[in-house]
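Peer 1: Please take these sequences and the hints and turn them into a complete structure.
Residue numbers (the numbering used here), protein chains in the order written: chain A, 1 to 313; chain B, 1 to 313.
In case anyone wonders, no lab produced these hints; they're calculated from the structure.
Each hint can be trusted.
No copy labels: a pair is met if it fits in one copy or bridges any two.
When the alpha-carbon atoms are kept at most 16 Å apart in a straight line, the in silico EDC-like pairs for lysine to aspartate or glutamate are as follows:
#: 1; residue 1: 274; residue 2: 303
#: 2; residue 1: 256; residue 2: 293
#: 3; residue 1: 179; residue 2: 205
#: 4; residue 1: 256; residue 2: 217
#: 5; residue 1: 256; residue 2: 184
Only a predicted model underlies this, so the values are computations on that prediction, with no experimental measurement involved.
Protein chains: 2
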Amino acid sequence: MDVDALVMGVLAGDARAVARAISLVEDGRAELPALSAGIYASTGTAATVGLTGAPGVGKSTLAGALVRVARAAGRRVAVLAVDPTSPYTGGALLGDRVRMQEHATDPDVFIRSMATRGHLGGMALAAPEAVRILDAAGYDLVVVETVGVGQAEVDVAAATDTALVVLAPGLGDAVQMAKAGILEVADVFVVNKADRPGAADVERELQQMLQLGATHEWEPPVLTTSAIEPEGVEELWVAVERHRAWLVDSGTLDAKRTARLLREVEALAAERFKLATAEALEAGGDVATRLLERSVDPYAAADALLGRIAPQE
Amino acid sequence: MDVDALVMGVLAGDARAVARAISLVEDGRAELPALSAGIYASTGTAATVGLTGAPGVGKSTLAGALVRVARAAGRRVAVLAVDPTSPYTGGALLGDRVRMQEHATDPDVFIRSMATRGHLGGMALAAPEAVRILDAAGYDLVVVETVGVGQAEVDVAAATDTALVVLAPGLGDAVQMAKAGILEVADVFVVNKADRPGAADVERELQQMLQLGATHEWEPPVLTTSAIEPEGVEELWVAVERHRAWLVDSGTLDAKRTARLLREVEALAAERFKLATAEALEAGGDVATRLLERSVDPYAAADALLGRIAPQE
Numbered sequence: 001m002d003v004d005a006l007v008m009g010v011l012a013g014d015a016r017a018v019a020r021a022i023s024l025v026e027d028g029r030a031e032l033p034a035l036s037a038g039i040y041a042s043t044g045t046a047a048t049v050g051l052t053g054a055p056g057v058g059k060s061t062l063a064g065a066l067v068r069v070a071r072a073a074g075r076r077v078a079v080l081a082v083d084p085t086s087p088y089t090g091g092a093l094l095g096d097r098v099r100m101q102e103h104a105t106d107p108d109v110f111i112r113s114m115a116t117r118g119h120l121g122g123m124a125l126a127a128p129e130a131v132r133i134l135d136a137a138g139y140d141l142v143v144v145e146t147v148g149v150g151q152a153e154v155d156v157a158a159a160t161d162t163a164l165v166v167l168a169p170g171l172g173d174a175v176q177m178a179k180a181g182i183l184e185v186a187d188v189f190v191v192n193k194a195d196r197p198g199a200a201d202v203e204r205e206l207q208q209m210l211q212l213g214a215t216h217e218w219e220p221p222v223l224t225t226s227a228i229e230p231e232g233v234e235e236l237w238v239a240v241e242r243h244r245a246w247l248v249d250s251g252t253l254d255a256k257r258t259a260r261l262l263r264e265v266e267a268l269a270a271e272r273f274k275l276a277t278a279e280a281l282e283a284g285g286d287v288a289t290r291l292l293e294r295s296v297d298p299y300a301a302a303d304a305l306l307g308r309i310a311p312q313e
Numbered sequence: 001m002d003v004d005a006l007v008m009g010v011l012a013g014d015a016r017a018v019a020r021a022i023s024l025v026e027d028g029r030a031e032l033p034a035l036s037a038g039i040y041a042s043t044g045t046a047a048t049v050g051l052t053g054a055p056g057v058g059k060s061t062l063a064g065a066l067v068r069v070a071r072a073a074g075r076r077v078a079v080l081a082v083d084p085t086s087p088y089t090g091g092a093l094l095g096d097r098v099r100m101q102e103h104a105t106d107p108d109v110f111i112r113s114m115a116t117r118g119h120l121g122g123m124a125l126a127a128p129e130a131v132r133i134l135d136a137a138g139y140d141l142v143v144v145e146t147v148g149v150g151q152a153e154v155d156v157a158a159a160t161d162t163a164l165v166v167l168a169p170g171l172g173d174a175v176q177m178a179k180a181g182i183l184e185v186a187d188v189f190v191v192n193k194a195d196r197p198g199a200a201d202v203e204r205e206l207q208q209m210l211q212l213g214a215t216h217e218w219e220p221p222v223l224t225t226s227a228i229e230p231e232g233v234e235e236l237w238v239a240v241e242r243h244r245a246w247l248v249d250s251g252t253l254d255a256k257r258t259a260r261l262l263r264e265v266e267a268l269a270a271e272r273f274k275l276a277t278a279e280a281l282e283a284g285g286d287v288a289t290r291l292l293e294r295s296v297d298p299y300a301a302a303d304a305l306l307g308r309i310a311p312q313e
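Peer 2: This is the structure:
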């Protein structure tokens, strides 16, 4: 594969190059570091928004409605639908594409499902790289939608600038979400399907839960929407823009991004170390023999391994 | 803490030294590598038996019954009740101790609950070290009992020479266990509470499930017990001894232990690497700046980090 050509394509905003680059991330191909090096300097301008919540709360419809508002405001928009739990994109995500059909012919909207097939670090490492590709391709807004509310989804949501957590009556109960740690990563709460009975209860329960928590510099607002109508989506867009303005003005955006990048670098280094140890153990059959003969203990062997891969000063 | 004295105490089979050494493992104390180095040469003689199954199948009663049979055969026995999911030993494990009371005054029986409070590698790394302490202290048989059937329990069970998987009517359904991957680590199956209605169904369902699987050199037998009576426990003991004889005669024991030790060394090295990267990132504030300025990309930063900790030839 010609990585230079791919990088040029991505930087020129060519949708086919962007799609191919994201596939490369999914597969964890060897060209990934070169791709990353080629695009990184052109990233950092996109606003990234996470969309997390239990299945059925209407995340895809909400994403579609947000795309509409953002397009009306003149933004180029990308939607990345991420399934961290499955190596293949399943029915739910194909369904998302169908619901996005109204944007299918708009050249300034890019929609893509994503799974991890070969990326060693899983979605937590693959998703940020895919987001950077979209950023480098010139999309002003990147919406990252996840399928559920597990730990992997929390990690993906926490890797966006503005994390929207979506609830709906009868779905995605706030107590469950608190257990999953998802409430803590929320910058904006959305109670969707506000026309349904029970929406007011969800909102009240959520407000109570939030009052129990610590106070923060940014207090996440709770908005109600009915994305199908659509109702409240303009207000949601305003809230997203307000959060972004606060991030920039308070200096939080840089701090948040730096912390995120450092975590990512740490995780990437750990993955590479894991590969290196596996290779070193494969090569050094003597370690196995010495362990079995009891002439070296596991802690000492681990130190020796670390020393072989990593002679510390 | 005087590690040399502790090592001497463990090797002399002093129960108080053994208890203190296991606490040291639980807490992940800095003395751990020295303790490991001191005892490792004296390990490898104990037979280790895992006891895994859903809560309520009667693992503790079965462990007590096995202790009785093993004591009658003149063995010194240790029971390690492990809770991989909780940092503190909970009610279930305290309950186990009560059920073990008949052995409380026997100097050749050691019973201990274990949690991980500070060990970085979690129970998957702490449990094998605790087992080695008991091995070095001269216990001929070490029974490792887990509380449930999650991934952490599977890891702990897979770290014993002979893994018993326990089912009971109405509990620990074979399909669920198959999903958790626990059936694959089983060397002997036990259908406990055989006096209860439905025991024959559990056995049949299990046999069918096993016929679906691949054939192995060692075909795990399915035994039925009623540990409270007790009934079938002698036969279970015979099955455990038969499995051990097969392990030794076929050379599988050494192969199994070597593979296990290598996995452990790999995991220990990875933990240490994680610590080292965190320290290196803490120290090198320039990495954060360069990432934010986009003068280095995350993959290159990970490589640089790996290089700083580990200059590869």
